[in-house]
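S.K.: Residues per chain, in single letters:
Protein chains: 4
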Amino acid sequence: MVVSGSAGVRVGIVGATGYVGGELIRLLTAHPAVRLVGLTGRDRHGDPVGSVHPHLSGTGLVLESELSGDVDAVFLALPHGTAAERVPELLDRGITVIDQGPDFRLREAADYPRWYAFEHPHPELLGRAVYGLPELHRAELLAAGTARATGTPALVGSPGCYPTATLLALAPLARAGLTADVVVDAKSGVSGAGREAKAEMLFAEVNESVRAYGVFSHRHTAEMEQELDRLSASAGGAAGARGLDFLPHLIPMTRGILASCHVRPTRPVSQAELDALYAEAYDEEPFVTVVDAPPSTGHVLGSNHARVFVRSDARTGRVIAIGVIDNLVKGAAGQGVQAFNLVFGLPETAGLEALPLAP
Amino acid sequence: MVVSGSAGVRVGIVGATGYVGGELIRLLTAHPAVRLVGLTGRDRHGDPVGSVHPHLSGTGLVLESELSGDVDAVFLALPHGTAAERVPELLDRGITVIDQGPDFRLREAADYPRWYAFEHPHPELLGRAVYGLPELHRAELLAAGTARATGTPALVGSPGCYPTATLLALAPLARAGLTADVVVDAKSGVSGAGREAKAEMLFAEVNESVRAYGVFSHRHTAEMEQELDRLSASAGGAAGARGLDFLPHLIPMTRGILASCHVRPTRPVSQAELDALYAEAYDEEPFVTVVDAPPSTGHVLGSNHARVFVRSDARTGRVIAIGVIDNLVKGAAGQGVQAFNLVFGLPETAGLEALPLAP
Amino acid sequence: MVVSGSAGVRVGIVGATGYVGGELIRLLTAHPAVRLVGLTGRDRHGDPVGSVHPHLSGTGLVLESELSGDVDAVFLALPHGTAAERVPELLDRGITVIDQGPDFRLREAADYPRWYAFEHPHPELLGRAVYGLPELHRAELLAAGTARATGTPALVGSPGCYPTATLLALAPLARAGLTADVVVDAKSGVSGAGREAKAEMLFAEVNESVRAYGVFSHRHTAEMEQELDRLSASAGGAAGARGLDFLPHLIPMTRGILASCHVRPTRPVSQAELDALYAEAYDEEPFVTVVDAPPSTGHVLGSNHARVFVRSDARTGRVIAIGVIDNLVKGAAGQGVQAFNLVFGLPETAGLEALPLAP
Amino acid sequence: MVVSGSAGVRVGIVGATGYVGGELIRLLTAHPAVRLVGLTGRDRHGDPVGSVHPHLSGTGLVLESELSGDVDAVFLALPHGTAAERVPELLDRGITVIDQGPDFRLREAADYPRWYAFEHPHPELLGRAVYGLPELHRAELLAAGTARATGTPALVGSPGCYPTATLLALAPLARAGLTADVVVDAKSGVSGAGREAKAEMLFAEVNESVRAYGVFSHRHTAEMEQELDRLSASAGGAAGARGLDFLPHLIPMTRGILASCHVRPTRPVSQAELDALYAEAYDEEPFVTVVDAPPSTGHVLGSNHARVFVRSDARTGRVIAIGVIDNLVKGAAGQGVQAFNLVFGLPETAGLEALPLAP
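Protein chains in written order, with the working numbering: chain A, 1 to 359; chain B, 1001 to 1359; chain C, 2001 to 2359; chain D, 3001 to 3359.
Chain A extracted, bound-state conformation:
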C-alpha cells in the first residue's frame, strides 16, 4: 500500500466485512500502487478492521459507515441487487467501479429476473460494463482504461467463482467451436457461501460430508452460458453452450474450486490438437498454467493463479477439462484487482505476485 500522502490510486472498499472484503484488504494493502483510503461495513463505523478480520489487525485500518473523501476506484462486495442501486451515483462522481457481485456480469437484462429474481434497475449500464475476466476480455478492460483516462469511469462486473474456473478450463475448446454439449460438475470450499451464520454451514454440518446443491438452478449458469456462447460465436460456431448442465457441490474445505468439465466435442479432437489450443490460449498468461496431471486446488491456495488440465479420450470420444482456482482470490478479490490493474494502466500482476501456500 502506498503510504498516505504519496501518489497512488485512491481506492475504497464497500462491503469490507465479508470474506471477499477481507481478501480485498489483504491484497490492496500490499499493492504497490494503491492507497486504501476507505473501508465501509454496515453498522461498523469506527470499528478497527481487526475486530472483524482478526488476521488483519496489523493493518491498523478502521471501518467507516460511508466512503469519505476522494477515491478513484471502488470495489463493491455487496449482495446481489444492492450494487446495481449504488453504481450510477459512483459513476456520476467519476469513480471507477469494480463490482465483485453479479449485478453487472450479464449482458441481457432479462437474465436478471430469470436467474436472480430481480428486475435490473439500470439495464442501460449493462452494455457499458465489462465482464472482468482478463484472460477473455483484456482488450475491453484496456479500452475501458483508456476511456477512464479521458474522464469516463470504468464499470467492471467481476466474474463469479464457478464461472472463472469453468471458463478458463473451457475457453480454448469453446473458441474452437468444440463445446456443443457440456456438463460442468464443480466442487467448492464453503467460504464461497459467505460469512453469514447459517446452521447448514456450521463446521459440524459441513465436515466429513459432501453434497450437491442448486441442481439445474445455480445462478452462475447464466454467466457460463453467456460467455461460452460468445466464445463459440466468435469461432463462427452455432452451438455454444445454452443448455449447460452445471452442478455445484460443497466439500469440506474452506477455499478452492475445482470445475470438472465433461465435453462431447462437436468433432473428434486429438490430444495434440488440445495441447496446441491450450498452449496458444495460455502460454503468455501470467496467471494461468496448463498442467499435464490433474491439478489440486491446494496448488493455487492463497494465490491468483489458475491451473488448467485437458484430456481427450479415444475410447469414449470425450474430452475432460479441469480448472482449479482459489475461489476468494482468482475467483473473487484477486480477479477484481487484476482487472483494476488493467483499467488503471498498472502492471497486470501488481499486488498479485504471492505464490500459493502449501501444504
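One thing to keep in mind: the hints can contain errors.
[Stated by the list, open to error] A few chain D positions that, by computed beta-carbon distances, are all more than 12 angstroms from chain B:
#, residue
1, Arg3044
2, His3080
3, Ala3147
4, Gly3151
5, Asp3292
[As the list claims (entries may be wrong)] With the Cβ distance kept under 8 angstroms, some of the chain D side facing chain B (calculated, not the full set):
#, residue
6, Ser3191
7, Ala3197
8, Met3201
9, Leu3202
10, Glu3208
[Said to hold, decoys possible] Label-pair restraints from in silico Cβ distances:
#, chain 1, residue 1, chain 2, residue 2, range
11, C, Gly2046, A, Ala109, 39 to 45 angstroms
12, A, Ala276, D, Thr3146, 53 to 59 angstroms
13, A, Gly317, D, Pro3079, 46 to 52 angstroms
14, C, Gly2345, A, Pro79, 55 to 61 angstroms
15, A, Pro79, C, Gly2214, 30 to 36 angstroms
16, D, Ala3117, C, Arg2267, 28 to 34 angstroms
The hints are simulated quantities; they were obtained by calculation from the structure and are not laboratory data.
Source: prediction; values computed, not measured.
Even glycine gets a Cβ: it sits at the ideal position worked out from N, Cα and C.
Guided by the hints, dock chains B, C and D onto chain A, whose structure is given.
M.R.: Below, chains B, C and D alone, put in the same frame as chain A:
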C-alpha cells in the same frame, strides 16, 4: 457375534488388517448369526486386533497367519489379483467366498488384462460368480444360497465403492432404457485409497484440497459399464453405457462417496415418470431411500444405507441422478455382509441395522 | 426399540432437535428395552424427525410440541436454567428425569449464580439428584432405581462432556489423595457447542485453526472441582482440587474430547502404583479401558467407550493422565442412557454395545 | 528474488524437498535482497522444483545434487544429526549457516545424547552458534552479523516450532522471575511431522481425531528449559523451568501451533502487571502482537506473525499464557529468514511482510 460353541455361521476374514478388514470385524462381531472364527493378516500372527485396529481392541480378537479350523464362509479383503489365486482352493473345501476385491466382479475375462493389467487365472469361475449388489442381483444371490445349501459353495464378487453409488443412482433409468449418454462425476473420501503409507495421502497433502484422478482410466469403469449394459439390455435397449465418462475425485474427508450422474436421456422424461421409476425400484428396499433434496454423504455415515436423488430439467432436457453411500460400509464391508446374509438364508438386514452417525 | 404395544420402558425426549437430542434418538431407537413414545422440539409439532435430523429419517418418528401420553422416563436436552423449571412437575407425575444439562449436577445451590448466572429455582432438589457418572456414582444410581421401583421417581444430573473425560482420567488419583495441584487442558470437537447458527462456528472459521476459550471461567470447572473434592475427601485427603486450572480448546473436528490432566502429586508416585490404582478402578468397568499408549479420540468415536492413560515421570516428579471420549455419547447421550439403565434395573450396557467407528 | 546477475545475498538451501524446504523457497524467491542460487535435494538432481512442490512450479527453479557455485549463506533443512556433520566445512568455506534443525540449538553438548540420542560431533561449535529467536537473541544475531562482515561466517540454530510458540508466550514472565512451575500443553497441525510417508499420518488416521504424543519425552523440552532458565537467570531468579512438563498434541489441521502455558507464578501477579510486562516485551516487535482475547492459529496462518495472550486469575492464583504461530513460518522457515536478515544487515522484516491468510 454368536458366542463360541453355539450355533451360527462360522466366518473367517482373510486380509483383516486394512480398512475394509476392520469394518468387517466391526460388523461381524455384532452380527447375531455369525461366529467369527478366524482373522488373518500378513505377518501378524498372534497380534491382538487392537494392535492393528485400536478402536476394536475391546473385541479381544487375535490375528492368525492362516485360517485354522472349519469355516463356512470367508470374506477376502485382498489386493486385486491375489484373491483370484486363492479362491479355487477355498471353494474346493466347500467354503463360500465373499470377495471384496474386483477379481470376480467382471463377467468377461478379457476385461481383466484391459482394466486391471493381469490375466485372470481362473476365468472358468467368472460365470459362476455373482455380482454382489443385492438391489440388482438378489435373485442370483438367493439362488447361490440354495445351491450352497445343497453343497455348492457360493462365490460373490462384492461391488466396488464407486459402482455401488453409481448403479444405485442409475439403475431405474438404465432399466427403462434411458441411459445412452452418461457422465459419472464422483467424489470420495480417502479411506477408499486404503491404509498403505503413501506421501500423497498424508493429511497435510489431502486436507484443504480436491483433485481428480484416474482420468478416463479408473478400473471401476468396467463394472459400471457391465452392469448398466446388462440393465439396458433387459429393457430391450440397445445403447447401455459403453463409453461411460467416469471421473473420480478425492476430497478432504475420510468416508463417503457421492456419485453425480449426468444423463442425456434417450427420450424426454418427466419428473413424475422418474419418481415412479425410482419408487418402483426402491420402495421395498431396506437400504435404499429415494430423497427429494440432494443428499449428503454425512446422512449415511457408518451405515449400510444409500440415498438416491433424481431430477429432470425441462430447460436442458437433462437428468441428474445422485447416489450417496459410506464407501466402507455399503461400498464394501456392509454390502459384503448383506450379500452373505442372502446366501446364508439370513434376514438381509442382519448385523446391518445401525443407524447413520451424525453429526 | 421395543415395538409399539409391547412392554418396555416408555421414554420421552424433551429437546430432541439438537445434537444431543439426535444422539438420544439414535441410541434409544436401538435400545432393546425402550419404547420411544414422545419427542418434543420447539415449534416442530408434526415435523418428521428426518426434517431435523436427516440421518434419522429412517426411524419414521415425528416431533410433537408436548409430551403426550404416559411416559416412565424423560431425557431433557435443554438450555441451562430451563430444565430446572420443568423438573418438579415431571417428578410429581412420577416420571424419572435424566437431565442432560447442568441444572442438577451441582450440589451447592450457590454454585449456580456463581458459575451459571442464575438462581436455582428448586435448590431443594439438588440433594435428591444423582450426579450421573456411573463409574463414580453407581451405588447412588442403583439406590435411586430402588426408590423408583417403590414410587419415587429418580432425578439424574448427567455430567458435562469435559468433566466426564477429566474425572475418568483423574478419579483413581483423586481417590488416593494425590491431586492437590491440577491443570486440565482439554481439546474438544465443535459439536459440543451445539447446533445454533453462530458465525464463529462456521466451517470456514473453525477449519485449520485452534483456539482456547473460557479462560479461567468455563462452567464445567464447578463440576470437576465438586467431584474431585468429594473423591479426595473420601480418601481423608484435605486438598481436593479447588483452584482447578481448566482450559478448554476448540479444535477442527466434529466429535471427541481429549482431556490432558497435569498433576503435581502430593507425594512421589511410581508408574507401578499408578497402574495398580487404575487397574483397580477400571478393570471391571464395561466402558472404560486403561491403555498403555496415548489414546486418540478417534478410538472411541460414535461409542460410549472412554480410554484412560496415565504416566508418572521421575525427572519432573509429575503425573499426566489423559482421558478420551466421544463428547456426544459418553459425554452426553450415551452416558444418560447408561445411568437410565441402572435406574431401571436394565443391563448397564443395554443399547450401548456399538463399537467405535474408525477410520 | 533479486534477478540473476544483480547484487543480493547469494543463498542456497540444502534439503529443499521437505515442507520447511518448500517454505524457504516460497519466502526466499520473494525476498527483495536474496538471490536463490542453489537448491539441493537427495536423489533429485535436475528435477524441477514443481515436481516436488507443485505449488512452486511457477518459480522455474531446478534441484541439484550439490550446491554449485558461490553462496554467501545456506539454509539447512535436514534430519537431526545430519547438519552437525556438514556445518564445519560450510563455515570453513566462509558460508553463513542457518540450521533449521536442532543440531545447534542447545548449548550443552550433553543434552544431545540425552534428548536426541546422538553424540554431537562438533561440540566446539555449540558456543559459537546463536539460538535464532530474534525476539530473545537479537543482539547476538546482530553481533554475529558484525563478525560475518569481517570474515567470520555466522552459525544460527533456528528454534523448534514448539519452543518458538512457548518462549514467546512465556518470555516476559520468565524474565521477571515468575516461572518456577510450568506446564506447557501444545497443539500442533501435522505438517510439523514432515512429509515422509507414515501410516499414522494418513488423512484417514489424523482426521476427526486428536492425540498426545512424546509424553514427558519430547525433544523440544530441552530447548524450552535452556531458554527459560537463561531468562530466569537474567532476572536473578533461581528457579527457571527445569522440570518443565511439556505435552504436545497432534490435531487435525495442517499448519499452526498453539502453546497453552499454565504457570503457578512464584508470587501473586496482577493482570495489570502482566499487561505491563508483555507490552514492554513486545510493543516494538514487528512480528509479535499481544492480544486481549484468546488467539486462534488461523489468525497467523501463512505469516511470520505470532500472537500472545496472558491472563492472571485471582481465584486460582494462576497465570495462563498462550502463544500461536504458523509452525512452518514463524516456527521454521520464516524465523530462519528473520535471523538471516539480522545477520546480513537487512531490514528484519524483509521478505516476511505477507499478511496472514484467512479464512
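S.K.: Take the hints in turn and mark each one as holding or not.
M.R.: Against the structure, the hints come out as follows:
1. Arg3044: 14 angstroms, holds
2. His3080: Holds, because the least Cβ-Cβ distance between D:His3080 and chain B comes to about 20 angstroms, which exceeds 12 angstroms.
3. Ala3147: 38 angstroms, holds
4. Gly3151: Correct as stated: the minimum Cβ-Cβ distance to chain B is 41 angstroms, above 12 angstroms.
5. Asp3292: Holds: least Cβ distance 29 angstroms, greater than 12 angstroms.
6. Ser3191: This interface hint holds because 5 angstroms falls under the 8 angstroms limit.
7. Ala3197: Holds: closest Cβ of chain B sits about 4 angstroms from D:Ala3197, inside 8 angstroms.
8. Met3201: With a closest approach of 5 angstroms, the D:Met3201 hint holds.
9. Leu3202: 5 angstroms, holds
10. Glu3208: This interface hint holds because 7 angstroms falls under the 8 angstroms limit.
11. C:Gly2046 to A:Ala109: 39 to 45 angstroms: This hint holds: roughly 43 angstroms between Cβ atoms.
12. A:Ala276 to D:Thr3146: 53 to 59 angstroms: 58 angstroms, holds
13. A:Gly317 to D:Pro3079: 46 to 52 angstroms: 51 angstroms, holds
14. C:Gly2345 to A:Pro79: 55 to 61 angstroms: 59 angstroms, holds
15. A:Pro79 to C:Gly2214: 30 to 36 angstroms: 34 angstroms, holds
16. D:Ala3117 to C:Arg2267: 28 to 34 angstroms: Cβ of D:Ala3117 to Cβ of C:Arg2267: about 32 angstroms, so the range 28 to 34 angstroms holds.
In the structure shown, no violation is registered for any of the earlier numbered hints.
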